[in-house]
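Produce the entire structure from the sequences given, and follow the hints as far as they go.
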Amino acid sequence: MSTSRDALERGNKARDLRVAAADMLSLANAAAITGVDEPRLARWAQRGRCIALEDSGGRQWLPKWQFEPPLWDALLKLAKALGTTDGWVLLAFLETPLGALDGVTPRAAIERGLADRVVRLACFDE
Amino acid sequence: MTTKIYLAGPDVFFPDSQAHFAALEAKCRAHGCVGIRPSEGDMELGGTGDEIAERIYQANIELLCQCDAVLANLTPFRNALESDSGTVFEVGFAVALGKPVAGHLPQRDQTHESKVTAVCGITRDARGVAWDAAHGYLVEEFGQPVNLMVSRAAELFSNVDDAIAYLAKVTSARQAEFLDRGQRSLDEAKRTGVYVPAEEVIARLQRKLDDATARFLEQRVPAPLMAAAIEVFGGESTAVEWFMKPAMGLDRARPIDLLGSPEGMQAVRDFLARLDGGVYT
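Residue numbers (the numbering used here), protein chains in the order written: chain A, 1 to 126; chain B, 1 to 281.
One or more hints might be untrue.
Covered by chain B, according to a simulated footprint, are these stretches of chain A (three or more residues, beta-carbon under 8 Å) [said to hold, decoys possible]:
hint	segment
1	21 to 34
2	62 to 74
Take a look, some chain B residues computed to stay more than 12 Å from chain A by CB distance [claimed, not checked]:
hint	residue
3	Tyr57
4	Ser85
5	Val170
It is worth saying that the hints were derived from the structure and are not from the lab. All C-beta atoms in this analysis are idealised placements derived from N, C-alpha and C, irrespective of residue type, glycine included.
Listed below in structure tokens is the structure:
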């Protein structure tokens with residue numbers, strides 16, 4: 001019988017697998033690439049200005065693609081629309097295909113210049 | 001408009017350099033121009049050799065930019081053949097800025113090859129090509145008084161007075177041409193009734209400059225770094241200005257020029273973080 005502990009472990013494993021992907025940057029690498037110091041990136045993550053994901057060991061990881069202009073320009077609006085600054089919630093929204101976007105993910109839609117539409121959809125996301 | 005002439009040359013190394021420059025300045029005044037001495041580096045400020053050298057370099061670059069023309073003493077210095085390397089650099093820099101350059105050297109009428117012959121000797125191979133006998137290097141026989149990259153860049157004279165007179169004449173002609181162009185525009189405006197006030201022209205140029213700067217920054221500055229700079233400086237225009245101006249805390253480099261390398265990016269990042277903490281140097 002599956003316990004809540006098992007569920008948590010499965011969740012942790014899935015998260016660790018996701019942050020091990022090639023599109024993730026450590027906080028130090030994100031600072032090196034963006035030219036923004038680590039404390040500021042951490043502060044930004046706390047207020048939804050950027051996405052930072054915590055792994056099971058407490059380390060922070062940042063999706064590299066969020067720093068490109070189309071995503072970067074939309075992120076803060078998206079966090080406000082979704083009413084969260086939690087990196088995992090923001091990532092899940094961005095990477096889940098939506099029927100309202102003809103089956104593409106919000107991330108792909110934003111990269112195609114549909115940021116406004118994605119933000120409007122996010123306002124109705126539950 | 002008084003013509004400012006930068007006085008390039010190894011003259012700063014002469015034992016009587018002060019008197020020498022005073023004489024050059026007097027000659028410039030006699031032609032209605034102002035002679036500008038190279039920087040001596042504000043030695044009283046002290047510093048390491050590198051710091052003093054950098055100060056002199058930056059100051060001379062600024063003076064070259066401000067001047068209308070350059071008078072270059074191309075007399076061979078510390079050797080029998082070649083001009084002072086710093087002077088040659090300044091000649092090239094001024095030419096690249098579109099400023100007229102007049103060089104003076106007593107041996108103006110001797111060809112470079114005749115001087116090489118006198119100093120090194122010349123041998124000729126079977127095809128008649130000349131090689132200097134001391135080092136075995138090719139000798140260009142184009143009849144130029146100095147290396148052709150200098151002789152084609154600058155107008156050369158055998159005495160200082162002629163060189164200054166030339167610069168006075170050329171700069172005066174350029175100023176007259178500038179005024180004439182302005183007058184022609186004014187006449188055209190009167191004739192057609194189409195008159196664009198100077199303020200509007202400046203505003204249009206400023207808009208073009210702002211657009212070009214924004215495009216330039218967009219290509220060079222990562223979006224998050226611009227966002228961080230806007231946070232630190234409290235506005236986009238101040239942040240943009242910061243990227244484009246030399247910063248004391250970055251050894252007078254412009255932040256924008258450092259972003260091409262990981263080390264430079266780190267220097268900018270650390271400096272911005274220090275500024276955010278209220279540390280300005």
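Structure-based check of each hint:
Coverage of the segment 21 to 34 of chain A by chain B holds in this model, with 4 residues showing a Cβ closer than 8 Å to a Cβ of that chain against a need of three. Restraint check on the segment 62 to 74 of chain A versus chain B: 5 residues with Cβ-Cβ distances below 8 Å, three needed, restraint holds. Every CB of chain A is more than 12 Å from the CB of B/Tyr57 (nearest about 27 Å), matching its label as outside the interface. No beta-carbon of chain A is positioned within 12 Å of the beta-carbon of B/Ser85; the least distance is around 37 Å.
The claim that B/Val170 lies off the interface holds: its Cβ sits roughly 46 Å from the closest Cβ of chain A, which is beyond the 12 Å cut-off.
Violated hints: none; the structure is consistent with every hint.
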